[in-house]
Amino acid sequence: MAAPKVAVVGAGVIGLSTALCITETCPSCSVTVLSDQFSPNTTSDVAAGMLIPHTYPGTPINVQKQWFKETFTYLFAISNSAEASEAGIHLVSGWQVFKTTPKEELPFWSDVVLGFRPMSEAELQKFPQHRFGQAFTTLKCDCPPYLLWLEKRLKATGVQMCNRKVADLWELHSEYNVVVNCAGIGAHQLVGDEKLFPIRGQVLKVQAPWVKNFIRDGGGLTYIYPGIHRVTLGGTREKESWSLSPDPGTTKDIFDRCCSLEPSLRGAQDIEVKVGLRPSRRCVRLQREVLSQGGVKLLVVHNYGHGAGGFSVHRGTAKEAAQLVEECLAALQGSSSRAKL
Amino acid sequence: MRVAIIGAGVIGLSTALCIHEQYHSLVPSLELEVYADHYTPHTTSDGAAGLWQPYLSDHGNLQETLWNKETFDYLLGHLGSPAAKEMGLFLISGYNLFTQPVPDPSWKNIVLGFRNLTPKELELFPGYSYGWFNTALMLECRSYLPWLSTRLTQRGVKFFHKKVESFQEVSGDGVDVVINCTGVRAGELQPDPELQPGRGQVIKVLAPWVKHFIITHDISSGIYNSPYVIPGSEFTVLGGIYQHGNWSQENSAQDHKTIWESCCRLLPALQKAKIVQEWSGLRPARPRVRLERETVRHGRFQAEVIHNYGHGGFGITIHWGCAMAAARLFGSILQEKKLAGPPLPRL
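So the sequences go chain by chain: A and B. Throughout the first sequence, residue numbering follows my numbering, covering 1 to 341 in sequence. Throughout the second sequence, residue numbering follows my numbering, covering 1 to 347 in sequence.
Chain A extracted, bound-state conformation:
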């Protein structure tokens, strides 16, 4: 087979990192990223990019932990290199605080992040409404920098970026050997996945450079995540809402909730409001599929449905997707050899 052609649909954190992994496992592959949105207009650009995993009810915990560990290790190395600032990766410490003691005292990822431990009484005094807390250090992927850095690395290895809306995967079957579906929330329409639904999140990105620690209310609804230039204040979790328009009432509510956790935020400047639709699913759809139409086959690898946890597991799922692409190509190789006989 001539240099295999792989199309990656989607240019958010999943699409770009998956494309990168494919170039790593299959250097001879010709990879093209196709998307109607690129940074700074992807769902990933709205997210804070904190490495704090979301738990998928439908995926075994050991798999999720492996994905997270792989992602954390990968980013940890970048954060400690000269590329850190360009890639937008940095360490950040902070607190997860609970109004009532959580039923799960130790989350599955507590030994992957750094220095995880319960908060002391003195630390909890800063949060009078909260009775219990955990302190740890984790990583943050700032977007757009991280996505732009991925794009730069992809272009350096010859990957093409194509601004194109793919309405149907079959559009690609004549040009590509394998299609990788990293369309995120777009998969709802693209492949008609009814199990995929949006969970709308509104956030504020503000200037408050004195905020150096993250604070997250244990429920995950209210959070303060300091990035390189802006602090992300969140948030909302509105199931089945497809609206991308910022809601002013919500803005005030988010701001008030965050200020009650961190009063100094009252002095925050230059508030930007953003909305993203988390591509939510019981489990990440990470699998091969062979589509058939009139005797023609289309090899697809799905990698979407990461919901609130995209950044936390992106590298782990990207590597697994690249593996699946390898398997597809091996199968193609096998069948083309058979065809030659």
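No wet-lab data here; the hints were simulated from the structure. Where hints are given, some of them may not hold.
Here are the computed distance ranges between Cβ atoms for each label pair [claimed, not checked]:
(1) G127/B / G158/A: 34 to 44 Å
(2) G127/B / K152/A: 43 to 53 Å
(3) N246/B / N41/A: 49 to 59 Å
(4) P27/A / P126/B: 39 to 49 Å
(5) R153/A / E86/B: 41 to 51 Å
Here's a subset of chain B near chain A, in silico, CB distances under 10 Å, partners left out [to be verified]:
(6) K85
(7) L91
(8) L112
(9) G127
(10) W209
(11) L267
(12) A269
(13) A285
We put the beta carbon where it would ideally sit given N, CA and C, even for glycine.
For this one, chain A is given, so just place chain B on it according to the hints.
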């Protein structure tokens, strides 16, 4: 009653505020005057990054440990207030790194969440095998000193731009008490061989991705002679110079090289940081802080002087505890002059 404060760094201004807060209602005639040749942003305090952290060892100086704690608790109490941003006050977490195990510091229970570093965390810092993590406070003087000045001005305190050459110059004529907060140049008012400059140099860079302070320690080269990185609200301060007895306030190219190379080795990400400014200053180093009363006589002239200087590299860390102690000394002077009742309970 007129009181002259000499010095407008963090020590002078906070002492003035503390005295005014505690005594202005007791002594209606109380008038405070600040005299200094340098005001913010040109004081030694302005050059400091502003991290609250005492030296590793208190050398048995329990008094200073208590003043440090008083300062931390006082600042912590202000964290949630609307003034915090204007004061330049915020929480910050970070690392202290060592090449060998060391005993816990006297301040381990003052800061928040003090703990040893895990092996995985130490992987971030090759060459260091032991360390601490804790959450402390930043108090940036380029904000704090203006904030103090505003509070003082609101209270009617007057400021004079003047280099004071002697205690006599500012006393007499109704000024009965002089507060000596002259820092490293206190020796010009009254010789003090124990007071020496601890010269430091820093490079200020733009590195907003750095969210933690990192202080390394080299027991052999001594405090502050090992690289440190302290992120502020706008700039990140890189340092690691301490030259005892060096009065030069010129930036040294050699020191620049030392700081830059050692900090970039510590944090490779800094290589891409943009350098914005370079500064050198003189820490007012002394074996212990001089915080005491003295009756100074010169011919007919006599004044009560309260000395409050010699805070080395921990002025910001200890300032409020010292201001309160100086205010107590002031209170005892008032009692002697029968100008006030017993000292106020501590605020």
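How the hints compare with the structure:
1. Under the hint 34 to 44 Å, the C-beta atoms of G127/B and G158/A, about 38 Å apart, fit the expected range.
2. Checked against the hint of 43 to 53 Å, the pair G127/B and K152/A fails, with Cβ atoms roughly 31 Å apart.
3. A C-beta distance of roughly 55 Å is found between N246/B and N41/A, which places it inside the suggested range of 49 to 59 Å.
4. Taken as a hint, the range 39 to 49 Å is violated for the pair P27/A and P126/B, whose Cβ atoms sit roughly 31 Å apart.
5. Between R153/A and E86/B the CB atoms are about 43 Å apart, so this pair conforms to the stated range of 41 to 51 Å.
6. The beta carbon of K85/B comes within 4 Å of a beta carbon in chain A, closer than 10 Å, and the hint placing it at the interface holds.
7. The closest approach between the C-beta of L91/B and any C-beta of chain A is roughly 6 Å, which is under the 10 Å cut-off, so the hint is satisfied.
8. Hint on L112/B holds. Least Cβ distance to chain A is approximately 5 Å, under the 10 Å limit.
9. Interface restraint check: G127/B against chain A, minimum CB-CB distance 13 Å, threshold 10 Å, status violated.
10. At a threshold of 10 Å, the smallest CB-CB gap from W209/B to chain A is about 4 Å, leaving the interface hint in force.
11. A distance limit of 10 Å between C-beta atoms decides the matter here; for L267/B the minimum to chain A is near 8 Å, and the interface restraint holds.
12. Hint status for A269/B relative to chain A: holds, with the closest Cβ pair at about 4 Å, below 10 Å.
13. Checking A285/B against chain A: minimum C-beta separation of about 29 Å lies over 10 Å; hint violated.
Taken one by one, the earlier hints fail for this structure at numbers 2, 4, 9 and 13, listed in ascending order.
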